[in-house]
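Student: Chains as they are written, first to last, in numbering that gives the first Met the number 0: chain P, 0 to 456; chain U, 0 to 456.
One thing to keep in mind: the hints can contain errors.
Copies of the same chain look alike in the list, so a pair counts if it fits in one copy or across any two.
As the list claims (entries may be wrong) - Straight line, CA to CA, 30 angstroms or less: simulated DSS-like cross-link-like pairs of lysine-lysine:
1. K137 with K18
2. K386 with K308
3. K333 with K413
4. K405 with K18
5. K213 with K9
6. K386 with K181
7. K18 with K55
8. K172 with K386
9. K18 with K172
If you're looking for bench data, these hints aren't it; they were derived computationally from the structure.
There are 2 protein chains.
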Amino acid sequence: MSNQKSTLPKGTRDFGPDKMVKRNFIFQTITAIFQKFGFLPIETPALENLSVLTGKYGDEGDQLMFKVLNSGNFLEKVSAQDMENGYKKLTSKISEKGLRYDLTVPFARFVVMNRNELVFPFKRYQIQPVWRADRPQKGRYREFYQCDADVVGTDSLLCEAEIVLMINEVLEKLGIGDFTIKVNNRKVLSAISEVIGYPGKEGDLCVAIDKLDKIGKEGVIKELEERGFALESIQKLDPIFEVEGNFAEKAAKLDAIFAASETGKKGLQELRTMMGYVEGFGLANTHLNFDITLARGLSYYTGAIFEVKVNNVQIGSISGGGRYDNLTGAFGLKGVSGVGFSFGVDRIYDVMEELQLFPAHNQTTTRVMFSHFDAEALLYTLPLLKKLRESGIKSEIYPDAGKLKKQLDYANNKQIPFVVIIGSDEISSGKLTLKNMQAGQQQQVSLEELIRIVQAG
Amino acid sequence: MSNQKSTLPKGTRDFGPDKMVKRNFIFQTITAIFQKFGFLPIETPALENLSVLTGKYGDEGDQLMFKVLNSGNFLEKVSAQDMENGYKKLTSKISEKGLRYDLTVPFARFVVMNRNELVFPFKRYQIQPVWRADRPQKGRYREFYQCDADVVGTDSLLCEAEIVLMINEVLEKLGIGDFTIKVNNRKVLSAISEVIGYPGKEGDLCVAIDKLDKIGKEGVIKELEERGFALESIQKLDPIFEVEGNFAEKAAKLDAIFAASETGKKGLQELRTMMGYVEGFGLANTHLNFDITLARGLSYYTGAIFEVKVNNVQIGSISGGGRYDNLTGAFGLKGVSGVGFSFGVDRIYDVMEELQLFPAHNQTTTRVMFSHFDAEALLYTLPLLKKLRESGIKSEIYPDAGKLKKQLDYANNKQIPFVVIIGSDEISSGKLTLKNMQAGQQQQVSLEELIRIVQAG
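Only chain P is shown next, with the shape it has when bound in the complex (with noise of 0.2 angstroms):
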């Protein structure tokens, strides 16, 4: 048969051990954080109906959601007429089910479903894959996972802080010091809307604002007058942006522009009271920037807004959330506030190897491994295996007897630190001939000896 069978779908990757010692590092310092703060893991299914996942995304996610077939006979109730009708008709008749697009829609549909068990304020974290039917390119896949915490079921602001703690603790963890937490507030940008005469249009603005990194200030005033904003309301934005100095500065003249909005008002008040909490917890450095122009395009936030990047690397956000008063509305659950975020998993990888934060030594590979000639030192071997791994050493013996360059080959390949010789000397002399594959160097050594240099090394 050919080998041309063998290919991956676009957009989705393998990960062989380098690169899951390497993401398991990522994960696990970050489940371990969330754990820390009080967040319990949940998994929800990958297929997920159709009716759960359809127009939670607008048009362009219904379009990139993978839709399953209907198992079985598909087109049995599929009638000549609904073969006409075109593909988007009949992918409803054919396909019931689709691929989890992101994570936050399934909780929701999980919290409604769990909501007489649960008990609030429920803190979940969820670290699963998702799809999106995408055009791949350099950082974008089809099949990635997502990274999320969310607390629902209170709207205490010090929710909001805690999560700029984790960030902070988990990138700090992870080895990325320079980086800015950008923090906003939807009410805020619904104020600024307000004062620049378009209450309600904050929508439009936030589109248009969200894209001054990529095309300028002028480009966003090109925006704003296709998207039906005045000049003269937009050219009273100058001053608002310009707000400069540090959070407290940049709130008092906020006050003053938002002196006729409540919704203003109570924005700068949710701020100041998570910086507060913030403060609060007494940080060295918050990496906070309270930045009046973040809008992250998504409207089911409500308060808080946050986004995290890397300072002096180019890779847009590697983490985002905020505050939504509304997810659960949707399956028939109001007045569940909650606020989350999440973590840009792939990115992370992306900058820590960009800047070589990862250990060089990982913990999951093998620490010692026999090597032997000959089936006799084969079973001489077993039992001292059986007491390395019950002193909770990883260790292996080279399956089989073979040359010591393909097996020394085998152990560098495998990055094992240590190799064990047993020959016909080693089996009469009792000793063990350990070399240190780093250094080099061989010497004899009893097992127990063995045992403490590679328990200390």
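Here the structure of chain P is known, so what remains is to put chain U in place on it, guided by the hints.
Tutor: Just chain U now, with coordinates in the frame of chain P:
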């Protein structure tokens, strides 16, 4: 909107925190032991090209595979004729990707695609969900995890022996002490087919023998007759299947029966070598049972066959595997022998629930919850919370000021063992009121004492 939307696809499940904690306990136990034996993790995408999956699992497998609709206008290249040729032919026109059906075929594809970078023997483990459009029933799901470990690129029987060791260690670590690892060898089954006069018909023989548990001896005889075996030949099976004693005794009797079968001798030799290695490791109890009727329908096994049953629990096998000499042949790479096995995590979970083997207290949930009643106490608590977390203690603060009962209910429900109550007395005295949720007792402690008590308890 209506609640009817929030449903799960048939045969799929959510895992809430309670279940996740237990499932992770199983996954972590298995992972730690796989790594201790030198296995490294890989992951492959959920989506595979149908050209990779189709034809690898028989007709039934092809039917039960979930297929994904091509994205965009999937009807673009479909002719009117295609629409009339029935759903099977249409499927190949509108779907080119499917969901992973097991972990073995994607692993074979991975090995072939990466054969120039991998170091052989390659020892990998893989823990990921798979999807099958099977009719859901108790213990059978449409989305479920598999948990595989394989070694490819060596025919050393040491790998078989280490599989026995890993099964032993995992099940003992999980507390499942009373189990049997049934072992057989495909060559022994071939030899049986040979000596009863039907060389090469071991496939049919196995399918029938495989049902011995379900349909009894009478049933098997009937099935064999239907499959074309003469009664006279079937009767020759009796003395073979009635061979009794420990492994050495059974093997000695089979030596005589297989005197004329090279394949039979080879099979027995392989079993003896494997048993010798297991013995060489010096296990107190191997749990091994040489079962000459063990067949496990899967036709790709060429050597050892394993199956693990928990004694006195009605649940079927919880692990199984074997050696296959031609795993990667379907992808154009010949001569790569491998041996592997899989843990059935859902069944292990059920066994552990039935035998009440999960630890009463888990390591995932919050250890200390702070409760407060006003903004002042909240701000007072933040630095204490930070200190606890810096000591590595999972801790949280109930985010809302509210009735103590509500806060304690939350802690109880989340099985948080310690609650610290912060009120005006505590703020003025500098002491903390610590409530032990199991014992119900309260005491006044300093922060240092709190940390000591929690770390000890």
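Student: Now, for every hint given, state plainly whether the structure supports it.
Tutor: Structure-based check of all given hints:
Taking the shortest alpha-carbon separations for K137 and K18, only the intra-copy value of 17 angstroms comes in at or below 30 angstroms, while the best inter-copy value is 37 angstroms. In this assembly of identical chains, the alpha carbons of K386 and K308 lie at most 30 angstroms apart only when taken from different copies (27 angstroms versus 48 angstroms within one copy). For a Cα distance limit of 30 angstroms, the shortest separation of K333 from K413 across copies, 24 angstroms, qualifies, whereas the shortest one inside one copy, 54 angstroms, does not. In this assembly of identical chains, K405 and K18 lie within 30 angstroms of each other by CA distance solely inside one copy; the values are 24 angstroms within and 45 angstroms between copies.
In this homomeric assembly, K213 and K9 come within 30 angstroms of each other (Cα to Cα) only inside a single copy, at 27 angstroms, whereas the closest approach across copies is 44 angstroms. Taking the shortest Cα distances, K386 and K181 sit within 30 angstroms of each other only across copies (26 angstroms), while inside one copy they are farther apart (53 angstroms). Within a single copy, K18 and K55 get their C-alpha atoms only as close as 33 angstroms, which misses the 30 angstroms cut-off; across copies the closest is 28 angstroms, which meets it. Within a single copy, K172 and K386 get their C-alpha atoms only as close as 34 angstroms, which misses the 30 angstroms cut-off; across copies the closest is 17 angstroms, which meets it.
When the C-alpha separation of K18 and K172 is checked against a cutoff of 30 angstroms, the pair qualifies both within a copy, at 19 angstroms, and between copies, at 28 angstroms.
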